[in-house]
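Chemist: Please put together the full structure from these sequences, using the hints given.
Take a look at the letters that make up each chain.
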Amino acid sequence: MRKLKSVIRAQQFDKRTVERIFTTAARMESSPPSKLLDGKIMASLFYEPSTRTRLSFEAAMKRLGGEVISTENAKEFSSKAKGESLEDSIRVISGYADVIVLRYYKEGGAERAAAFSEGVPIINAGDGIGQHPTQALLDLFTIKKKFGRIEGLEIAMVGDLVNGRTVRSLSYFLAKHYPKNTIHFVSPEATRMRDDIKSYLDKYKVKWFETKDFREILSRLDVLYQTRVQKERFSKSEIFDQVERESKKLSIRKSTLQYMKPEAIIMHPLPRLGEISYAVDKDPRAHYFQQARNGLYVRMALLKMILDEY
Amino acid sequence: MRKLKSVIRAQQFDKRTVERIFTTAARMESSPPSKLLDGKIMASLFYEPSTRTRLSFEAAMKRLGGEVISTENAKEFSSKAKGESLEDSIRVISGYADVIVLRYYKEGGAERAAAFSEGVPIINAGDGIGQHPTQALLDLFTIKKKFGRIEGLEIAMVGDLVNGRTVRSLSYFLAKHYPKNTIHFVSPEATRMRDDIKSYLDKYKVKWFETKDFREILSRLDVLYQTRVQKERFSKSEIFDQVERESKKLSIRKSTLQYMKPEAIIMHPLPRLGEISYAVDKDPRAHYFQQARNGLYVRMALLKMILDEY
Amino acid sequence: MRKLKSVIRAQQFDKRTVERIFTTAARMESSPPSKLLDGKIMASLFYEPSTRTRLSFEAAMKRLGGEVISTENAKEFSSKAKGESLEDSIRVISGYADVIVLRYYKEGGAERAAAFSEGVPIINAGDGIGQHPTQALLDLFTIKKKFGRIEGLEIAMVGDLVNGRTVRSLSYFLAKHYPKNTIHFVSPEATRMRDDIKSYLDKYKVKWFETKDFREILSRLDVLYQTRVQKERFSKSEIFDQVERESKKLSIRKSTLQYMKPEAIIMHPLPRLGEISYAVDKDPRAHYFQQARNGLYVRMALLKMILDEY
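Residue numbers (our numbering), protein chains in the order written: chain A, 1 to 310; chain B, 311 to 620; chain C, 621 to 930.
Mixed in with the good hints there might be a few duds.
Label-pair distances were calculated between CB atoms; the ranges are [stated by the list, open to error]:
hint, chain 1, residue 1, chain 2, residue 2, range
1, B, 343, A, 215, 57 to 65 Å
2, B, 504, C, 739, 35 to 43 Å
3, A, 279, B, 543, 47 to 55 Å
4, A, 253, B, 552, 47 to 55 Å
The list that follows gives simulated cross-link-like pairs (lysine-lysine, BS3-like), each with its CA atoms no further than 30 Å apart [what the hints assert, rightly or not]:
hint, chain 1, residue 1, chain 2, residue 2
5, C, 902, C, 766
6, B, 315, C, 766
7, B, 385, C, 695
8, A, 40, C, 766
9, C, 660, B, 455
Quick caveat, the hints were computed from the structure, so don't treat them as lab data. All figures in this text were calculated on a predicted structure; none of them were measured in a lab. Positions of the beta carbon are idealized from the N, C-alpha and C atoms, including for glycine.
Modeler: This is the structure we're talking about:
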């Protein structure tokens with residue numbers, strides 16, 4: 001009866017575990033064990049609001065019969081007046097809960113938490129521009145469900161690649177476990193994928209390309225992973241304005257669809273702004289809402305594997 | 311095994327359904343089925359805080375054995391940085407929950423939500439100056455419980471009738487299903503009931519009167535439905551000041567009670583400010599706290615009829 | 621089958637009840653009855669955020685199988701626009717819940733609430749500079765667990781004694797039920813313990829001393845109860861700055877430990893700032909995280925004794 005420990009980083013899993021997460025997630029969808037985590041308590045500890053992610057985790061826990069204690073106001077712990085360190089907060093909360101889902105505003109939060117949680121597993125629900133590993137898992141699960149495999153695919157990541165946690169985590173996963181795909185980074189100049197990821201891909205011999213436009217590659221893509229420009233992470237508004245202008249060319253409209261393969265899928269971590277127009281939603285290739293729902297099954301799988309067994 | 315669909319508007323129900331809601335609510339009070347909704351999840355999606363309404367719905371769900379995921383911070387979805395449309399948020403949340411209770415800040419929110427919730431029922435918990443149908447149902451249920459009937463009654467609605475969602479929804483219900491009552495609109499000049507409601511009453515041949523003072527009618531009333539002046543909805547403070555002055559005459563004090571029938575009831579959607587003085591609370595005609603509690607039973611009934619059957 | 625009523629003030633309990641709370645809390649730790657409060661609902665009504673306290677109560681309720689409805693936003697009830705009195709809010713919420721945990725921003729809130737909750741028990745989770753009786757209970761429980769008795773001990777309370785709710789409540793308890801200890805108040809001049817507590821101790825013939833430095837007494841102490849300077853409660857920043865300077869001498873560092881008895885314990889209600897350095901955490905005398913966890917058991921015990929029996 002092995003149990004999964006903390007979920008901190010995309011790179012932590014071996015391939016067998018990743019595959020196990022996917023088969024477990026598939027079972028969570030087809031036959032959810034509704035009393036499995038009866039009596040267990042999950043703490044949602046969010047240092048910044050991320051209502052969608054929080055509700056997804058909490059629904060996952062409750063669908064398995066578990067209970068939740070929850071705050072989106074955890075920054076109060078470390079407010080000027082109270083000034084508590086993350087480490088202290090984690091040690092206290094680990095006295096109340098069986099698993100802690102942590103959203104932190106600075107890179108490295110989940111790892112710091114895991115070092116002080118006295119054996120209570122931590123699930124990283126995003127730490128600043130760091131990682132968001134459950135998002136990457138649900139992204140891969142979505143691809144796996146659709147194509148039955150994660151190899152030989154042409155995958156484009158489009159948009160704000162410098163600030164996008166999701167595309168970073170996804171790239172790590174692909175490199176380490178599914179290197180036999182081709183990745184296209186498509187972005188404005190100022191939001192190009194960082195070098196650390198490119199080196200990581202090189203290390204694992206993943207074929208990758210970089211471009212400012214996707215017109216030439218659209219017809220070859222199996223997966224178009226679109227992202228929004230994260231305005232809140234730009235310090236200079238001129239750069240943001242320029243990025244936004246260049247991003248317009250990368251938005252997906254109904255007219256874009258004609259260049260894509262019929263069996264391709266369009267993914268997006270959501271929320272979207274204008275980068276996928278509403279007219280696209282009815283096309284069978286629009287896969288982003290199903291992708292969000294897959295997040296529920298992946299999170300159920302992780303909670304099962306952490307609190308029960310696998 | 312019919313199920314109720316979304317609850318969007320007071321006008322949507324036929325009379326048989328309304329009566330069914332009342333008999334179910336009565337049963338919820340006398341013998342609550344505590345495990346009925348075991349395994350079901352309700353999402354409380356509040357785009358503006360309304361703690362009282364939210365807690366009432368959540369208590370209702372939990373008294374039936376169901377589970378809740380919850381946010382009063384849903385505006386974060388549509389914040390400047392994230393900018394997601396209500397429709398997208400609803401599509402995502404409908405992947406997590408079996409029913410969504412929605413509080414929205416603009417009229418029409420619940421209807422837009424229902425169009426995109428992929429079959430997951432929506433309950434309107436208030437949309438701007440639009441409707442608040444569960445409040446109207448609990449108001450009527452309160453009258454029915456007290457008098458055993460909703461006809462032949464003299465009902466006064468008092469106070470801020472232009473901004474008051476509750477009196478608007480209540481008027482719709484009365485017109486459509488219980489037209490054989492007499493309605494008195496009692497308000498300052500600037501907060502008179504809008505014409506749309508008056509036309510609706512006329513269409514259903516409901517007798518209605520309008521006045522700025524209730525002294526003449528007090529002794530005839532069966533129901534005095536008092537409301538507060540919704541300061542937060544006035545854009546000009548001069549008008550608010552004038553309304554507040556005129557409202558003073560419409561407040562209910564201990565001395566007001568002597569003019570009322572012994573079997574009359576005083577209702578109020580709460581919160582109250584000065585419009586009912588505390589000295590009135592001990593009078594058996596003070597019915598507003600029981601009215602609030604009736605909300606629990608009505609919401610339990612709706613959740614049962616939506617998620618179970620009726 | 622007696623039940624505990626509201627928990628408002630440290631002074632309300634007779635000694636038998638206090639001891640009963642401790643034996644029940646010990647049982648909650650060793651063999652928690654996980655379905656005991658199935659079907660019961662606790663309302664967390666927090667007029668100011670206190671995430672740690674709230675999560676502790678909610679975890680306690682859920683570990684007993686009970687359900688929770690919750691807000692940290694209760695001030696919305698009494699916001700300028702809505703302006704509802706605490707009494708009205710309590711009367712409404714008491715219609716939804718079986719027990720109410722109340723955090724209020726002004727002294728006396730819990731007592732006012734209990735007068736209007738129509739038989740629904742209130743648990744005071746802190747009211748301004750008033751009391752925080754469950755904290756005092758968990759503090760005493762921690763001492764009892766460690767020493768097997770609460771007498772013949774030398775107990776120092778250190779830091780901001782004028783604003784510290786916890787040290788006030790603890791002093792009341794000690795005076796009334798466990799007077800055979802010696803208390804040392806150690807604080808900067810401006811944050812000395814108030815006279816009301818000192819008179820109370822005198823009334824019960826408790827030996828107490830006051831000092832600005834703990835060097836002389838360190839070697840005699842069984843319990844060193846450290847507190848943080850509550851910056852947010854100082855209106856003048858000069859006084860705060862002075863207090864902070866003087867507090868530095870009272871902080872506990874690794875070098876402090878050599879002067880303490882090996883079997884002594886260091887307690888702190890948390891959060892801590894600099895008043896206990898992190899290097900102290902690994903010393904077996906560091907007892908503050910276990911103290912926080914004891915809060916869970918004490919709150920489980922209180923909920924059991926209120927909603928079930930004792």
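Chemist: If a hint holds in the structure, say so; if it does not, say that too.
Modeler: Structure-based check of each hint:
no.: 1; hint: B/343 x A/215: 57 to 65 Å; verdict: holds (60 Å)
no.: 2; hint: B/504 x C/739: 35 to 43 Å; verdict: holds (42 Å)
no.: 3; hint: A/279 x B/543: 47 to 55 Å; verdict: violated (36 Å)
no.: 4; hint: A/253 x B/552: 47 to 55 Å; verdict: holds (52 Å)
no.: 5; hint: C/902 x C/766; verdict: holds (17 Å)
no.: 6; hint: B/315 x C/766; verdict: violated (58 Å)
no.: 7; hint: B/385 x C/695; verdict: holds (19 Å)
no.: 8; hint: A/40 x C/766; verdict: holds (28 Å)
no.: 9; hint: C/660 x B/455; verdict: holds (26 Å)
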